[in-house]
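Undergrad: Listed below are the residues making up each chain.
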Amino acid sequence: MSRLRRDPRAEREAMRIAGGARPRFSREASLPVSARPRRDPRAEIEALLVPGGTRPRLDRLSRGGVRPVRDEATSPSESTVQTRIVTEPAFLVAVVPDAPGGRLTPLDRQLFGAAHLLAAGGGAVLALAEPGHDDLAGVGADRVGPLAAVADYDPEARAAAVAQALESLNIRHALFAETAEGGDLARRVAARLGEPLFAGAESLTPKLVTRPARGRRVEQRRAPPRLVSLVADSVAPYGGASCEARAVELPAPVPTTGAILSAEIILADPATVPLGEAEFVVSAGNGVSDIPSFLDLARALRATPGASRMLCDAGLMPRAAQVGASGTVLGATCYLALGIAGAPQHLQGITGCEHVVAVNTDLHAAMVERAGLAIIADAHAVMPALIAALEDEP
Amino acid sequence: MKIVVLFSAGRHPASGAPCPVPVELQALRLARDLAGADEVIGLHAGPVDGAPLDALGHGLGRLIHLRMAQGDDPLPALAQVLEELAPDLILAGRIGQGGEDGGLLPYALARRLGRPILADAASLGAGDDGTLTVEQALPRGARRRVVLRLPALLTVHPAAAPALPFTFAAARRGTVERRDIAPAPAAASEMEERAYRPRPKLIARAAPGASAAERLKAATQAASSGGRLLVDPAPEEAAREILAHLRGIGVLRRRG
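Going line by line, the protein sequences match chains A and B. Just so we're aligned, residue 1 is where the first sequence starts under this note's numbering, counting upward by one. Just so we're aligned, residue 395 is where the second sequence starts under this note's numbering, counting upward by one.
Chain B with its partners taken away, still in its complex shape (with noise of 0.2 Å):
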């Protein structure tokens, strides 16, 4: 099976210095699971090739460098190398950076690819004759078991499995291959860009105005829609009314 990993241009939340994606080396790691080394190619398309050259050392044997000026659109370069490299599976990271970060990337390539995509796979195992059994992370710790046909793209989910390692041996090993490729330059945007200023979440109904207690009081306390009230009920009564209550919410599973 032939998996191409995409890999971003990724950047240290702390420093801002290059290096690669955590969620896109566990999708490596991913890959190596299900197909062993060989198996897998990384490609990334950018004007440096600096955070996923770090991913040679996760254990990526090949990496496919396509060299874009800074804001060209990768989308086009990306759906033409991934059509003649003809892969079974592509795995990307949930949300890759270096670009507007909005994670809207992998869904455009598998639209142009005309490949199904699924997102958040958590783990994967291979099926019988051309599927792909996938379990995607819900949110609450649930999972969802997915059986799919290749060829496919996948976005990866941090709960996978953790990365391999780095090793400088697999570092040095690793070989790039490096293709210019055609200027695309991407639409113009309206957006405006500033540096960021984090804005006030929302309160749960914080009372206009209230003193710090009453502030306090609002945050813990507001929530409450208007409760019920059963003083000194029987056991039994008591069990049957919060039994019920809990079966309108709808948390109480049947048992099965």
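Isolated chain A (complex conformation) (with noise of 0.2 Å):
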């Protein structure tokens, strides 16, 4: 961008003021308006400082999409005031979460973190979801609207009453995830409507989303439609002020009449899903020589077997099994590690990992301070109490 070139004997003729032998100037005359915004290089380095340290560092990578969102409804004065309300909306942005048994994924509170972008003005996030959610006021919902619950599987239904929320309610974004379940809900909603769908977003601003298409070779680019559906860890989760969560009435749904006569889930089998898939992950380290008590106890928990590189390496699991860098990285939403002290290699392989349980003889390995729950003691121990316990349960 070029500026444009300044004329100064131009500009000092305007400040002269006229009358009097010698040449007088004001510099109170207006002054020629720039279009460009003044930048102030000082709180420009006061928003790059790094936290902490003792030594001033300053962070010139990360600027742009990827901060938590801060809350801009609230002003600084009020920073005592622990919830964020917004009273009287100028629009509504909806957030339809997956949330698969009422528990929210790391894509629902993305979802919620880019509603707050586009809410940015004055706007509210609305969370269409069905009753019995965890805390959706933490992750930023400022409204709530309860669809009803639909018993069995019936999807027509689900984006019957997505539909008629969001034309009801006369919603100005709404976005869904990119899941088989969100997306399918996504398309459903968007045929109903016969508004266009921006599948799959990888970058969303309040002006601009993006997506790929015709196989990755063209971004698709415009200003945010109605209805969008965002990939998984594209904008960060919402990380303001907790939320009100206010209820919002929604309209009866209209009973509808489904073709689906019956549905039933078929879990899948922990033995033979792959190890990228399993949703429970039980895995064993240099701390357990005992195999067939391993294998009996994955076997008990219905988890999928996993291994570390050293039983791995050792023969004693299949290489299939080995989780980390060089092996599988999961995707597990739970990982039991025994006898894992946690190499930074293995620990890359569950970063996905939600939640993570740990038992180890040594109190200061890593997967003790990466995990939710950390025992200290012999996993040969620990083994066999458990499956003790899980026979004994009813």
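Read the hints as simulated data drawn from the structure, not as lab findings. Everything numeric in this text was worked out from a predicted model, so none of it was measured. Errors might be hidden in some of the hints.
[As the list claims (entries may be wrong)] Here are the simulated lysine to aspartate or glutamate pairs, EDC-like style, with alpha carbons at most 20 Å apart: (1) A/K207 - B/D467; (2) B/K396 - B/E571; (3) B/K595 - B/E571; (4) B/K595 - A/E167; (5) B/K396 - B/E433; (6) B/K396 - B/E477; (7) B/K595 - A/E219; (8) B/K396 - B/D523; (9) B/K396 - B/D432; (10) A/K207 - B/E584; (11) B/K396 - B/E478; (12) B/K595 - A/E354; (13) A/K207 - B/D427; (14) A/K207 - A/E219; (15) B/K396 - B/D482; (16) B/K396 - B/D522; (17) B/K595 - A/D59.
[What the hints assert, rightly or not] According to the in silico footprint, chain A covers these stretches of chain B (three or more CB under 8 Å from chain A): (18) 530-536; (19) 542-553; (20) 585-595; (21) 621-628; (22) 633-641.
[Stated by the list, open to error] Chain B side only, calculated, beta carbon under 10 Å to chain A, not exhaustive: (23) R506; (24) G521; (25) T561; (26) V645.
We treat Cβ as the ideally placed atom computed from N, Cα and C, and that holds for glycine.
Quick one: dock chain against chain with the hints and give me the complex.
TA: Here is the structure:
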């Protein structure tokens, strides 16, 4: 961008005060106003400062989208107020979380972050979810629209309820998760409303959304339309103050006659499911030498067995079971580590795991630090106790 | 049972040459396994028929190609032909190529035809009196068995059985019926297109501006949420704590 060239003589002529023998100038006469906002380098440096540490350190890399979204509705003077309250929202941004079994997934939390980006400037974030969810206020829902719970599998009824809510509440944007279920719902709603869907958005700002197309050769971009579905890890989750999650009345759902006669879920067999897809992985490390007992425990917990590099190198577990940078990177919800100290390469493999439970004899192991529940004990003693406790249960 | 498989104008991911979308060939196989070779018709709407022609070699006997100009909306023509053909079942890939690659067309088509749609079919089985048993692929290797009343439209998941191999004789035997259709210009879109540029993925709670060691630590360890620590508990107590924790997370399944 090139700056307009200044003409100092003309500027001085504009400041000249007429009359008088000597030339007189007034600086108060309006200077030519530049369209460019004036930079404040000190404030910029201040914003780049990384907190903590003895030396001042500047972070020049992560400017742009990936910071936790700051709450803009509450002014800094009200920083003691713990709740963000939007009394009269100018518009609504709806989030339709997947929330399998009432638990929000990481992508659902990112959807709320994206919704707060879109709701900047007086909007409120509305969560359209079945009742009985965990903490919607904490993840950033200003309003909650309780959808009628669909007893059996009936995606069309859910889509009808969402479409009806979008129409009746006059919602400006609706965000869906681009997963199997959320993507299906988004497309159903789009077909129902006859509107385009911006499917699989990879970046999102209030002015621009982008998505790959034609085999990731082309990037399509436009201003955010009404219906957007978002892929995982593109926007940071909402990091501001807790929201009020006030309930909103939704219109009563219109009963639909579905073509689905019956639906039953067939759970995956944990013994055969690929390690990368498994939901619950039990893993053994160098602290476990009793492999048959470990496999019994995996069977009793109905978890997929994994192992660290040490056990695979020793030939005690198959190479396909190896977890870590040179093995499988897990997408599991929960990881139970038995006798694993937690080498960085192993921890890279469980980055995506939401919950980690560690059993280890070393109090200072990295895995113990990473775990949500850490037990400092010998895995050989805990494994039979776990099997016995599982067998005692009804 | 009459089945129509929808084919889109696929492109090879590496070379960009026209080639069928793999999941559509899997849909073709599902259709052939369910109804036999004679009852399956391929349907494609697009300017040239390069990609779906290969499907003939993968076991498609008859292909109907609706010729339309580049950038036209294929929906009205497809709906019209499908109303004529009146198949019991319509199969489509998960996300077709050639248009916006958004996977919206099967849903819009189902809406226009007034048929129910079900996503991500992995295997099909004929039921009794006009029903169909569909195994739907769910994330994490699970399946959902759905009994559905026909007629219906299904999209197929890549977890379905692999496509039949290409044979040259079958490709020669197959017939293509070309029809010209009335132009239906697509609604103007404000979409702007650029060359694709991969965007940085959000790293889990990366501490901004930290050193490399700290970033690695953040990427590998930061997910812990103020964990509980039990030092040298009795094995029974440890087992109880672990099971209670796992139940709280909801990963432990009840025996049954």
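Undergrad: Which of the listed hints are not met by the structure?
TA: Violated: hints 1, 3, 4, 13 and 25.
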